[in-house]
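Asks: Below are the chains, spelled out letter by letter.
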Amino acid sequence: MTRVRILAGTRKGAFVLTSDGSRAKWDFSGPHFAGWEIYHLKGSPADPDRIYASQNTGWFGQLVQRSDDGGATWQPVGNDFAYATEPGTHLWYDGTPRPWEFKRVWHLEPSLSDPDEVWAGVEDAGLFRSRDGGVSWTELTGLRTHSSGPGWQPGAGGLCLHTIILDPARAGRMFTAISAAGTFRSDDHGETWRPVNRGLHDEGTLPEEEPEVGFCVHHVEMHPSRPDTLFMQKHWDVMRSDDAGETWREVSGNLPSDFGFPIGVHAHEPETVYVVPITSDSLHFPPDGLLRVYRSRTGGDEWEPLTRGLPQEHCYVNVYRDAMAVDSLEECGVYFGTTGGQVYASADAGDTWEAIARDLPAVLSVEVQTIP
Amino acid sequence: MTAVRVVLPAHLKNLAHVEGEVTLHLGGERDLEVTRQALLDALESAYPVLRGTIRDRATGKRRAFVRFYACQEDLSNEPADVPLPAAVVAGSEPFLIVGAMAGG
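Protein chains in written order, with our numbering: chain Z, 4 to 375; chain W, 24 to 127.
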């Protein structure tokens, strides 16, 4: 019988919620790694029992945990994220050069086909790969050492590589996104990279007309059936590309605010997209205190608010960039977590919502596994 | 051989799957100097999961929010190659690894 497993990373541990295909009743387990920040957990598409988790605190640094039994038990694996070449410098907030320094793993992206292969996006921005189930990590230096690297500047959350997308159709093609450098594409398994940011604009902050980097990209998603189409929630602006990132156009349309962090795509409808508008870069809560997911069935531009089951007064939470995901059941489920500790689930593509967890620590990430 | 007692903070006890104090048997040579460096090397050797949690992986320096105490003294800023107090080396006092009071 098909099951759905939600992996929620929070400020104080990881939580696993499991349901059958009805998604009506959820079994709850956690906190795993209580007291630690869990930036991200993700299961292997090739083996749903294999899950990787990024575990960190400011006190004791970075660990990576691996489960081989669907999150019931965990073992720490490798945590040596050493930059493979002379780190060099990027720009600090004040514009001065600052040496690259490893801080944490923001995102773990398991291979589409090999449970032992997993990619890690880290702060300060770098891309690492493990081919032995997370035991050892090797940096793919082509990204960090791109000629634009010395000009990369951190976003408010740090110079973080937060998005990794593996193209299911073209072997070797992958995308990454870095705040606040932008989006990058590799066509050779991560060895070499180039910025793909044409069409992005940041109001009033960029001196050049079309700089190749310098964009605060918050999150990017791809539907596997259309790997050339990418949807992006930028700091401001919701964008799409239909040529694998070569060019981007704005699709914010009638959104009440085009600031936000996550963006999601329906599992079976590649033109159905979800965002959670946030008031502004200085007000990280929903407009008017109304928590509304917006759905577009037209690939952007035209958006409808989804409100049933979501708080429609006095709501001042945020939804972080990796805290929205979809399942792949016939009627697509949509899930997101908030900084107020709620995990909301919709079993009907967003029409209605229910809080399936209410009082967790601030949710940093939500991933979903659909298990046959 | 010197038996040194070490007290870990709660999170690191959980990671290392230990309860109470850890006893490390250092060296084997009569004139071995028991330094913090030698103690942490032995600790990480016995519990590899602790690598990177007390000392930064890249620099080998004490992580900023980790402190070291023994015999009611803060040894956090002592050089790593200075011999530890005699009472620690003798095993009559433990070496304390403490998470600094900071944050939430």
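Take these hints with a grain of salt, some might be off.
As the list claims (entries may be wrong) - Straight-line Cα separation of at most 16 Å, EDC-like style, residue types lysine to aspartate or glutamate; simulated pairs: (1) Z:Lys-106 <-> W:Glu-42; (2) W:Lys-84 <-> Z:Asp-351; (3) W:Lys-84 <-> W:Glu-56; (4) Z:Lys-28 <-> Z:Asp-351; (5) W:Lys-84 <-> W:Glu-116; (6) W:Lys-84 <-> W:Glu-101; (7) Z:Lys-106 <-> Z:Asp-135; (8) Z:Lys-15 <-> Z:Asp-362; (9) W:Lys-84 <-> Z:Asp-362.
Just so you know, these hints were derived from the structure itself, not from any lab.
No experiment lies behind these values; they were computed from the predicted model shown.
Asks: Take the hints in turn and mark each one as holding or not.
Replies: Hints and how they fare:
Restraint check: the Cα-Cα separation between Lys-106 of chain Z and Glu-42 of chain W comes to about 29 Å, which exceeds 16 Å; the hinted pair is violated. The suggested pairing of Lys-84 of chain W with Asp-351 of chain Z is violated, with an alpha-carbon distance near 52 Å, which exceeds 16 Å. At roughly 20 Å between alpha-carbon atoms, Lys-84 of chain W and Glu-56 of chain W are farther apart than 16 Å, so this suggested pair is violated. The suggested pairing of Lys-28 of chain Z with Asp-351 of chain Z holds, with an alpha-carbon distance near 15 Å, which does not exceed 16 Å.
Distance restraint check for Lys-84 of chain W and Glu-116 of chain W: the Cα-Cα separation of roughly 24 Å exceeds the 16 Å cut-off, and the hinted pair is therefore not satisfied. For the given pair, Lys-84 of chain W sits about 12 Å from Glu-101 of chain W by alpha-carbon distance, which is consistent with the 16 Å threshold. Annotation: proposed proximity of Lys-106 of chain Z to Asp-135 of chain Z is violated, straight-line Cα distance about 22 Å (limit 16 Å). Pair hint Lys-15 of chain Z plus Asp-362 of chain Z holds up; C-alpha atoms about 12 Å apart against a cutoff of 16 Å.
In summary, the hint linking Lys-84 of chain W to Asp-362 of chain Z is not supported, as the alpha carbons are separated by about 38 Å, beyond the 16 Å threshold.
Checked against the numbered hints above, the structure breaks hints 1, 2, 3, 5, 7, 9 and satisfies the rest.
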